[in-house]
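Here is how the chains run, residue by residue.
4 protein chains.
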Amino acid sequence: MLLTPMASGLWIVDQHTDHLHFHYRIDAVLYTGTTAYQRVDIVRTPLLGKVLFLDGRIQSAEFDEFIYHESLVHPALLTHPRPKRVLIMGGGEGATLREVLRHPSVEHAVMVDIDRELVELCERFLPEWHQGCFHHPRAVLHYGDARAFVEGSPDSAYDLILSDLTEPLEGGPSVMLFTVEFYHRLAQTLSPDGLFVAQAGSADPFYPDFAASLKRTLEEVFPIVRVFWAFVPSFQLPWAFVLASKRYDPLALSGEELHHRYRERKLQTRYYSAQLHPAMFALPPYLENALRERGSLISDHSTFVWKA
Amino acid sequence: MLLTPMASGLWIVDQHTDHLHFHYRIDAVLYTGTTAYQRVDIVRTPLLGKVLFLDGRIQSAEFDEFIYHESLVHPALLTHPRPKRVLIMGGGEGATLREVLRHPSVEHAVMVDIDRELVELCERFLPEWHQGCFHHPRAVLHYGDARAFVEGSPDSAYDLILSDLTEPLEGGPSVMLFTVEFYHRLAQTLSPDGLFVAQAGSADPFYPDFAASLKRTLEEVFPIVRVFWAFVPSFQLPWAFVLASKRYDPLALSGEELHHRYRERKLQTRYYSAQLHPAMFALPPYLENALRERGSLISDHSTFVWKA
Amino acid sequence: MLLTPMASGLWIVDQHTDHLHFHYRIDAVLYTGTTAYQRVDIVRTPLLGKVLFLDGRIQSAEFDEFIYHESLVHPALLTHPRPKRVLIMGGGEGATLREVLRHPSVEHAVMVDIDRELVELCERFLPEWHQGCFHHPRAVLHYGDARAFVEGSPDSAYDLILSDLTEPLEGGPSVMLFTVEFYHRLAQTLSPDGLFVAQAGSADPFYPDFAASLKRTLEEVFPIVRVFWAFVPSFQLPWAFVLASKRYDPLALSGEELHHRYRERKLQTRYYSAQLHPAMFALPPYLENALRERGSLISDHSTFVWKA
Amino acid sequence: MLLTPMASGLWIVDQHTDHLHFHYRIDAVLYTGTTAYQRVDIVRTPLLGKVLFLDGRIQSAEFDEFIYHESLVHPALLTHPRPKRVLIMGGGEGATLREVLRHPSVEHAVMVDIDRELVELCERFLPEWHQGCFHHPRAVLHYGDARAFVEGSPDSAYDLILSDLTEPLEGGPSVMLFTVEFYHRLAQTLSPDGLFVAQAGSADPFYPDFAASLKRTLEEVFPIVRVFWAFVPSFQLPWAFVLASKRYDPLALSGEELHHRYRERKLQTRYYSAQLHPAMFALPPYLENALRERGSLISDHSTFVWKA
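Residue numbers (the working numbering), protein chains in the order written: chain Z, 1 to 308; chain L, 1 to 308; chain V, 1 to 308; chain A, 1 to 308.
Isolated chain Z (complex conformation) (with noise of 0.2 Å):
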């Protein structure tokens, strides 16, 4: 038999930025259309296994992405002494759903995403995220647009609230979840040692600034606002995340605690450690001065949008 070509063959592109391409080789297409929000493809290849790329971009690889919500789930829900009841804004794959549920204590677990259409196609194309979550008795699914859901929640409804939204792109529809005012309504659903956790962007020397603008808002309204961050290989860049809390503090708790916690709740993670979990909040001077310099306050009047 021939040798095809090297670089012959089928490959996806994500276009990082005008000046960055990256292209990934794929054995097959597992899905590809338009959802009434976004473009979806779905591939399968040799590098990074299963692949999720949204409107062009990849957004989650079944390679690494424990790394990404197991950052955003558990630093979170540790703070916390016993996690009851807990909103997922966004995170239409489920696996911030499944690592949610691992927590014993979670009672419910709702999960608002707006696009019904690409939840439905993660739940056929991507068990390896979701593992049956959405199935789960514990958990709620609701579609529909977040803001409007946080509004019409009950004061002190949830312990704790993540965001694993996509950042705020031109055009997109979580432009509107970053604000200040929705963050002061938020934050009365809280219950009053709640805590809120963001997926926060990047954290490179060169685009930290809606980290910084995050954790600037944040600060308006909760006491306690921290950044940590987690290095996802397929992403390609060092990732920020903000967590924003009325009573604990993530840096508070002794690695006795902490080590205690994760042993008790019988977590069991790839990533994220007891050890690990103080080294995650520790950050690079180039970060620490961007995160005090680069943000500015976003609200309804003046929201934070990505140039695509």
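FYI, nobody ran anything at the bench for these hints, they're computed from the structure.
Since this is a predicted model, take the numbers as computed values, not measurements.
Built from N, CA and C at the ideal position, the CB exists for glycine as well.
Hints should not be assumed to be uniformly reliable.
[Unchecked claim] In silico SDA-like links for lysine to any residue, alpha-carbon gap of 25 Å or less:
1. Z/Lys-266 with A/Glu-288
2. A/Lys-266 with Z/Glu-288
3. A/Lys-266 with Z/Arg-292
4. V/Lys-266 with L/Asn-289
5. Z/Lys-246 with Z/Tyr-37
6. A/Lys-246 with A/Gln-188
7. Z/Lys-266 with A/Asn-289
8. V/Lys-266 with L/Tyr-286
9. A/Lys-266 with Z/Glu-293
10. L/Lys-84 with L/Arg-263
11. L/Lys-246 with L/Gln-188
12. L/Lys-266 with V/Lys-266
13. V/Lys-266 with V/Arg-138
14. A/Lys-266 with A/Ser-254
[Unchecked claim] Far from chain A by the CB rule (all over 10 Å, computed), these chain Z residues:
15. Arg-25
16. Val-29
17. Arg-85
18. Arg-138
19. Gly-144
20. Leu-283
Mind docking chains L, V and A on chain Z? Use the hints.
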């Protein structure tokens, strides 16, 4: 909805040479897999419609396959006053067979292709090419090695043989199908006024060696050998064909006779025409020179092999 | 020494359309920059030798520029029995001028190009194209708008005008150089037996609209209008040319007369030949039909503009 | 002026693996060529500033080289109370030397690199990296094989040796620079309180085998061996480093002592900080496990070789 960045999304790459790659955007992957003989990718593109790639190289595009297939078939069949028995070597897509069957005098057209899986994939995915002709009452399909098939055919079995084979790529199945020994036997299976026509690869300024060698080799066997060419945009190259004949010269036909045969056979073509017929045989000096100077005799002991 | 992975290294991409990109490996970047009119990249490639890109599109390759330039120049100049005064609109690389000057009867050849920086870059980096002809005693260079130059020329000033302009791309400098008003004035500046020839863009099955409209427009002005074509591999497309004439018909010349003129002028060509001359004017039905059906009159008030 | 299509223009491709290619747009090619040891491309990009590629792989980018170089140098040098004599193996760009020389106690820093042409190219084209340090009065440059150089050094010659070598790619010059035999001799050339630090390749979930084997091998020679990591966006991967020490443990230093040393040495860093120091040594379970399970002893008779 967000704008997906322009370069993002699904592509198929054709590594034309180590130094030139073509990237075609694709809408869908209809099939990707490997037969016993070759890698097969069948995709839908916004530019060229459906496209068939074999071993990573573009083979045939819905957009302009008519140029290649009309060129391979009609100059040769119109040169014969009444072709009845036709043999096609290769031709998996079925489009050569389709064009052959347009000539009403053809009583049976035998197609012999080594790769049954490929023919079945083409039948399933490329109806625009074959248009049902695999099941035409005057068509006969045979799966196996074309050389063995020809060697096992009786003398004077065919009025016309068409060689619609891939170039003799290193390790590929067609290396022994272009040798002088084979052509001697092939000529015996042609009737005394029979013709042979072969696709002969690129006719560009750099790589006409295969066409030149094919011409040189056929001149050992046939009294009349003519090279003609056509421009197939999706091949990115001018394409050569060699017509070898025992009696009829494609250049000896008057325009009047060509028009008469064309009308009489009720042909309807988009590329070929009686008027274009002689023009297809007019070659530029660079190609005339290359055909004169760069050909060498292809034999069983000294095959022509393309480095992939 | 290590093997550099095959796809690694320097490339130039030609975004041929949004759906087809060509990636050429490059050995060196001779120049990259922007003139007042266009982006210019001059590179050396292992495949095509030196290549000139304008606004990101391949313009001319050392490997096969002879096909384009011989086709533009010689059919027209040989149709005229004794061309003396020639005007070239555009033609920055100097290769059109080079071919024009091969005709010994030419007493002066004026070249008018709007982009002086481009011509100077070509003079410096592309000697294989111009071969010193910018300083030929019978050559005159003029920098400025070709329409203004023609409108300011006296009546009957030229025996032959060649339009070697980029297609009328949106926002580009050549949009007003293809209108019927301009061609009326241009015809006045031709002698009573004068000819005009223009490169007319793609002749492929999809995009022959510009060639069709150019033909239609010139038919308003000239009694004899003929379309011919050539296949330029580095353009990846068959290429159309339109020849418009006041008296001489390129198809009325006998082969004998063509051969006589060719020999008398001591031409030496690699693509054009007296034998190929009539074949270049033989077009396939798809193109004949498109030329008949898809052309519209181009006027100052209704220009033809390519969407880039 | 026309808009050049987005994907058009000059790019450099990094074939990261056969299945993932990075395409970086480039503004200029500062140098492309081949030394006696490797292919070298130095380009300017709009995204990452100047970038050095060796054998087609990204080596160092102006944008974030500080992350790699500060991580290689400062954890090790701050662990030693008063490093005086330092040896750098490799380090052609000069940035490792630059960071070493920031420590005022360093009396001389010897850099030994096999590729003199590369160092000269870096001196000429990458002043942002070396900042003139090749001519620093405390710097000594030596060209040649690092193993031979170390083997020829007297015992106790250095307080600190840094291994800033390319990974042991098949056919590359560094294969014999990671073996236990070599490290035994290297340890002899270190003073009784000396340290060794090496860049150790990827720390991602798939490919930490080199780091694991390097750790395993150094544990044969040194009593204290610690792995730490950093995320270098332009490498697209988390990056491992191994620190091996005769006496000082980088994790035994109090935060107070680290801050004291940092201030006393008047360091100014963008990635490293005394606060980040312990966090760099905190590793996720997937990496802890891989380091424990996937390492094998590297010896002269059983080298570690990366398939390119």
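Which hint numbers doesn't this structure obey? 5, 12, 15, 20
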